[in-house]
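S.K.: From these two lone chains plus the hints, build me the complex, please.
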Amino acid sequence: MQRAIESLGANVIASLERTGRTFNLMLLVLWELVQPPYRFYPIVRQMYFIGARSMVLIVASGVTVGMVMGLQFYNILERFGSVDLLGSGVALSVILELGPVMTALMVVGRAGSSITAEIGIMRITEQIDALECMAVSPHKFLIGPKLIAGVLSVPLLTALFDFVALFGGYFVGVVMFGIGEGSYMNGMIDNVEWSDVRLGLVKSVIFGLLVTLICCSRGFYMHLTKAGSEGAEGVSSATTDAVVLSSISVLFSDFLIGALF
Amino acid sequence: MSDASQTNNAISIRDLVVDYGPRRILSDVSLDIPMGQIMVIMGQSGAGKTTLLRCMLGLKKPASGSVNILGTDIVTASRHDINRIRKQMGVAFQGGALFSSMSVAENIQLALREHTNLDEKTIEIMTRIKLDMVNMLAAEHLMPSELSGGMTKRAALARAIIMDPKLLFFDEPSAGLDPSTAAELDQLIITLKNTMRMTIIVVTHELDSIFKIADHIAVVSAGRILETGTPQQITSSSNPEIQGMLNRKPRETIVDTDAHLRRLVGG
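Chains as they are written, first to last, in our numbering: chain A, 9 to 269; chain B, 9 to 275.
Treat the hints as calculated values from the structure; they're not laboratory data. Predicted model only: the values in this text are computed from it and were never measured. In this text, a Cβ means the ideal position worked out from N, Cα and C, and glycines have one as well. Take these hints with a grain of salt, some might be off.
[Unchecked claim] Now the stretches of chain B that chain A is said to cover, found in silico as 3 or more residues with beta-carbon under 8 Å:
| no. | segment |
| --- | --- |
| 1 | 31 to 44 |
| 2 | 118 to 129 |
[What the hints assert, rightly or not] The calculated lysine to any residue pairs, modelled on SDA-like cross-linking and capped at a C-alpha distance of 20 Å, are:
| no. | chain 1 | residue 1 | chain 2 | residue 2 |
| --- | --- | --- | --- | --- |
| 3 | A | Lys234 | B | Arg31 |
| 4 | A | Lys234 | A | Asn19 |
| 5 | B | Lys68 | A | Arg29 |
| 6 | B | Lys220 | B | Ser245 |
| 7 | B | Lys68 | A | Ser145 |
| 8 | B | Lys174 | A | Val144 |
| 9 | B | Lys68 | A | His231 |
| 10 | B | Lys174 | A | Glu140 |
| 11 | B | Lys95 | A | Arg29 |
| 12 | B | Lys174 | B | Arg31 |
| 13 | B | Lys69 | A | Arg29 |
| 14 | B | Lys69 | A | Asn19 |
| 15 | B | Lys68 | A | Thr133 |
| 16 | B | Lys69 | A | Ser145 |
| 17 | B | Lys220 | B | Arg232 |
| 18 | B | Lys69 | A | His231 |
Next comes chain B alone, as it looks inside the complex (with noise of 0.2 Å):
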């Protein structure tokens, strides 16, 4: 048995390294989310809080460690084992990532088609449940085009939640929207921890957002976890850079005035 499973883990990172080319994007980095629980990953642009997410998701390959989801290392699982693992995941990407030749209801009803035998209005009254549950059941029929950006990051959680996953994962998920819509969508996640206890993993930068949902933060910078515990345990922290994160200071990033002269004029 692994990691993941022994313990109340749904998800056991360690010792992960992702290059992209030339480029080491994470280094080192070990990570374990529990089960039940919502996990922000927080950290400015460029951290690598997105590699991450997509090797969580399966979607890209590290250079070496261990992703452990649901008892399964991903990393070195058959393309049949991660497809078993992805039916327990449901993911809302960033920009909504919804097939713009389907309608909304299409999207959602996609993976039902794909994996279950239901019949046809079983599948729509699963839809509509799911529909309802983002308040996006006036927008069944409306094809993606027609939907503003909150309408989409709600029927792109609609699509998410399909299958009552066990383990959610949210990229940016108030990323463009106004405070009110954001607002709306971190109650909505609460409310699916909540009513269907799901492991939600939730990648953003947007403090608001993070201290009103988050059970367990981890702080991410230049490819590392530079800490994670709870919201209370991140605000106390004494690590500058989690402090200049949190008070919204700019990166200093200009460390050594003379390399970086002799960087711009190439010497």
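Just chain A, same shape as in the assembly (with noise of 0.2 Å):
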């Protein structure tokens, strides 16, 4: 029992060191980013790698999910006399909910999971070492660009993904159940208002800062947990540690900010 108290303790502790270290790395990597030189080609290259390269599974899960509402809320409206509601139906939970959140998750899994993996490869390798030895700080090369990147990259996609889903809900509703197209857009156009728009964006814009911070971080700090003694196993470990952290982490912040605003 003792020990189960004990473990438990050490457990938080841990947690709470960890939060700690992730804050702290925000608060450096902003002061060091405000400080010249400015540099835009590592940002821009890590947009591409965070944004644009994750593009065709925005597309491809953006429909998915856009055919699936579109489908679920026409069975269900239907028993209701009311399939009009569809357009906005499925826009509403796209724009407000399901974009925001699967971008985010998404971006965990395809960006997320390879920046962790990335930075800790450079921890275990002695490449962060060797930035601080030549007098450059790796937090503004390595974690700045990164969550710059993140932070724009994100509400992009987020954008790519309602756009698409509204098309998918569109494919089901107009094209496959044969609603009138007016029905449907003017139910869209008359329910969404451009505060859900804003706080669909305001999501997506706390997702992506909290998915790059966290996925850096894990990386980053690497050498002082446990992982770090493990070489590849340990960034195998990280790895996966930030992808369930981030996941967590958006869905968490998304009931937050539901609960909120």
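M.R.: Laid out in structure tokens, this is it:
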């Protein structure tokens, strides 16, 4: 019993330490990013990696999710004789919830995991030490561009996801089940307000920051955890941890934002 | 003014104590490294050589003591001052630590791009000069994954000397290399000292290399400096542990047989 309590306490302390380190890393990176010199090419490169290279995945998942939503909403609304509400139902659920959350989860799986693995390998092969010895800040050189790219790319990818998901819903509702095009589009335009779009955008910015920060932090501070002494296996477990923690953070913060606004 | 700048020492270490968690890795280490000389820090695996090196590089904060480099105690110095000192240092890590997403040339150019306003042409010329010094001119556009062990070490050396540093650090330069490549690297280290007048600190346990390149040797054992001196002084040392290392004798680790047995059975 005592051992279980000790183990629980140790886990809580380790989690708090990790959270503190991650927050500290964010402050350090933001502080160094505002100092000159400013370099834009590394940010563009990271946006290509996090954003552009995720586009196919986002389009595929967006269309699929939109079609599934169209199908499910149609079946439910048909029971109440309200299929005219299909457009607004799909649009609101995609713009407010599914778009930001699904996009963030896709980015975690595709780019977040490789960010942790890349930085973790750089840590265990002394590449980060080499940067420090060259008086090049790893916060600014390594983490900064990824963080900015994450914050910019996830909202753009979310917008893409929303667009193709709405198209997927349109395809199911209008083309497959024969709902009037005007009914679908007007329902969407009449019921989706600017505040809904803004909330979706705010969520995606927060998710972008959370995902890249957690993934960067897990790789960067790998040497301070047990994983740091385990070589390749440590990188693998740090990557898994980063994906799990990022995904949970996205879902939990989605609830918090939804409850607060 | 501090120890290192008052005397002719590039580095002065005083009473250095380093812990990793509950384990004490270095105990009261004091060491002077003269300007323009090659200092080899030798010792068996796990003796604390690399930890001592990491303290000199400012990568490991000691529990106590001072590490005075070119007149600045980097233990208490601000981040700005540490970076000022680091711009006068070059480091060749044991595994090379080349940035895997950059070509050899890009690796070498990084410090120039970050710390100077030199134009592209000058940066390219300087890169080729350094690559030529380490006989790596043909590998300019290769990626680190395409290099052999020896080429990786030489590329890391080219990157370390790109800013013409006053201090050059090597961690196990000949580890994992065949004898002729190791000998080439040793010759390169001597050439760098003679031509660029650098202070060179080499951490190694390769005896052949040590006596070829060293002006001074510091012998580290179990986290302490056993002895420092010229290669002749170290060779003629009366310390049995040093003689054991020089004659490649295995360590006698079990001193108290009864205590060792009690430890094994958990008594």
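S.K.: Which numbered hints turn out to be false for this structure?
M.R.: 1, 11, 12, 14 and 17
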